[in-house]
Amino acid sequence: MTSRSKKRIMNIFLSFVALLSFCIAANAQMSPFDSVLKANSYRLHISENGTLSGEGATFILKKSANAQFVLIGENHNTKEIPEFTTSLFNALNKSYGFKHLALEQDPPMMRKISSPPYKGNLDSVFSLARKYPYGFTFVSDEELKMIAAVSGHPAKGNVVWGCDQSFGLMHVMDEIKSEKRNAVFPDSLIYKISASESSRDLDKNDYMSNGIKKTDLQALDKFKTGNPDDEIDFGVASLTMSDSIYSFMFSEKPYEGCALRESYMKSRFMDEYKKCVAAGEKYPKAVLKFGTAHIVDGFEPNTGTLNVGTFVKEFAVANGMGSFSLNAMIYRTDSSDWNFNQYKHKDVIQLFARNAPVDHWTIFDLKPVKAFYYDSKMKGILTKEDTSFFENYILAFDALLLIGNGGDGSFNACKCPY
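Under the working numbering, the residue at position 53 of the sequence shown is numbered 1315, and the numbers go up by one with no gaps.
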């Protein structure tokens, strides 16, 4: 062997030793909490055709194998979370037979979209959003695309379940008018509503939440048949309940309004569930996408009311199955604006974000994190205020999805700001 060859081998060996020493030093400097996160984090990818891939996709599907319900907690009106929901629904549909999507959306409108000619038809869904700006709770293009795509799947019962109060009346009023039932149609009422709902502006032109509408809505009772499944009966019932929720808010009784709303979400979920069972689906499987407060383990933070997420998780257990819950959060490094507001607990998110490249999507399995925390190994890391948030909003899920450099949703279809 020549001296040049020996020297080259020695240089390679020394480089290897240096690299090994660097890795050992880096690991030695990594905190125990960071080590737990690193060992239980997975990259998630979504291809251009909407297919989930990577270790994160494998992790989610594995955790969902015995689940009857998969729950996504979100911050609303983002670009990526509805896109992720569509991709996840498709994967769960293909692998485990999930056929339903429960949303914070208007109940009559979601029933309409679950039926022809709107079912699976993006153009028709966009047209409805333009015609009825208040017919949807959330109207971003991405949300509407998700609803249209999922509604196209075959299922017994309704594919998309609207589990929230109604924002508007006009779509129900037009349904009543088209039926031409034997009663004098209240033209003055529809004129008043159309003036408020011609364009969406929740700060100014919001008929439902401004005042108590009980007298106006009583004029619609004469069009009911007495059959709760009748579309008009269902629509009027939805409006009446929604008015009760808004009336509490208008009367400065937010606790009563929020508590009634949470209860209504559960009853709406069960109503749609039972319809699927009656149609022949023994144990309907559903994906739920709600605001984080409705999905965390335990109580809705504003009311202390047992939330819809906890309700369905326990319901799955009663059916001999399980659930999987995921907190989907946007994070960015180009500003201090975490989750699109001056996020009060961004330091908590930073604990995870420093272990998640901002140009990737990263899933953290929270089961080992819970063990680490409740074994008292995080003392001194969190402030008292952050501790409460960490327990109630992070550890209250099975997994955390950080979407690096995510963005706001677009509003081209409805031409409205939110």
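Treat each hint with caution, since some may be false.
Straight line, CA to CA, 30 Å or less: simulated DSSO-like cross-link-like pairs of lysine-lysine [unchecked claim]: (1) Lys1608 x Lys1341; (2) Lys1466 x Lys1677; (3) Lys1324 x Lys1629; (4) Lys1486 x Lys1393; (5) Lys1528 x Lys1476; (6) Lys1484 x Lys1393; (7) Lys1536 x Lys1325; (8) Lys1608 x Lys1629; (9) Lys1606 x Lys1632; (10) Lys1639 x Lys1325; (11) Lys1466 x Lys1454; (12) Lys1439 x Lys1454; (13) Lys1515 x Lys1476; (14) Lys1356 x Lys1393; (15) Lys1639 x Lys1300; (16) Lys1629 x Lys1639; (17) Lys1300 x Lys1629; (18) Lys1454 x Lys1324; (19) Lys1641 x Lys1608; (20) Lys1418 x Lys1407; (21) Lys1476 x Lys1536; (22) Lys1454 x Lys1484; (23) Lys1677 x Lys1439; (24) Lys1608 x Lys1646; (25) Lys1393 x Lys1476; (26) Lys1418 x Lys1454; (27) Lys1466 x Lys1606; (28) Lys1454 x Lys1325; (29) Lys1537 x Lys1515; (30) Lys1300 x Lys1325; (31) Lys1341 x Lys1606; (32) Lys1439 x Lys1325; (33) Lys1407 x Lys1677; (34) Lys1641 x Lys1677; (35) Lys1341 x Lys1629; (36) Lys1393 x Lys1324; (37) Lys1407 x Lys1484; (38) Lys1608 x Lys1300; (39) Lys1536 x Lys1356.
Don't read these hints as lab results, they were simulated from the structure.
Taking only the CA atoms, is the gap from Lys1677 to Lys1439 under or equal to 30 Å?
-> Since the Cα atoms of Lys1677 and Lys1439 sit roughly 26 Å apart, the hinted pair holds (cutoff 30 Å).
Are the Cα atoms of Lys1300 and Lys1325 separated by 30 Å or less?
-> holds, 19 Å
Within 30 Å, alpha carbon to alpha carbon, are Lys1454 and Lys1324?
-> Violated: Lys1454 and Lys1324 sit about 52 Å apart, past 30 Å.
Measure nothing beyond the straight line between the CA atoms of Lys1393 and Lys1324; if it is 30 Å or shorter, mark the hint as holding.
-> Not OK: Lys1393 and Lys1324 at ~42 Å, beyond 30 Å, violated.
Would you mind confirming whether the straight-line C-alpha gap from Lys1641 to Lys1608 stays at or under 30 Å?
-> Holds. Lys1641 to Lys1608 sits at ~19 Å (cutoff 30 Å).
Measure nothing beyond the straight line between the CA atoms of Lys1341 and Lys1606; if it is 30 Å or shorter, mark the hint as holding.
-> holds, 22 Å
Holds or violated: Lys1324 to Lys1629, with C-alpha atoms at most 30 Å apart | holds, 14 Å
30 Å Cα cutoff - pair Lys1641, Lys1677 = Outside the cut-off at roughly 49 Å; violated.
Taking 30 Å as the top limit, are the C-alpha atoms of Lys1439 and Lys1325 close enough?
-> violated, 48 Å
Taking 30 Å as the top limit, are the C-alpha atoms of Lys1407 and Lys1677 close enough?
-> At roughly 15 Å apart (the allowed maximum being 30 Å), Lys1677 and Lys1407 satisfy the hint.
Is the hinted pair Lys1300 and Lys1629 satisfied, with a Cα-Cα distance of at most 30 Å?
-> holds, 13 Å
Are the Cα atoms of Lys1608 and Lys1341 separated by 30 Å or less?
-> Cα-Cα ~20 Å, so holds.
Against the hints set out earlier in the document, violations occur for numbers 14, 18, 26, 28, 29, 32, 34, 36, 37.
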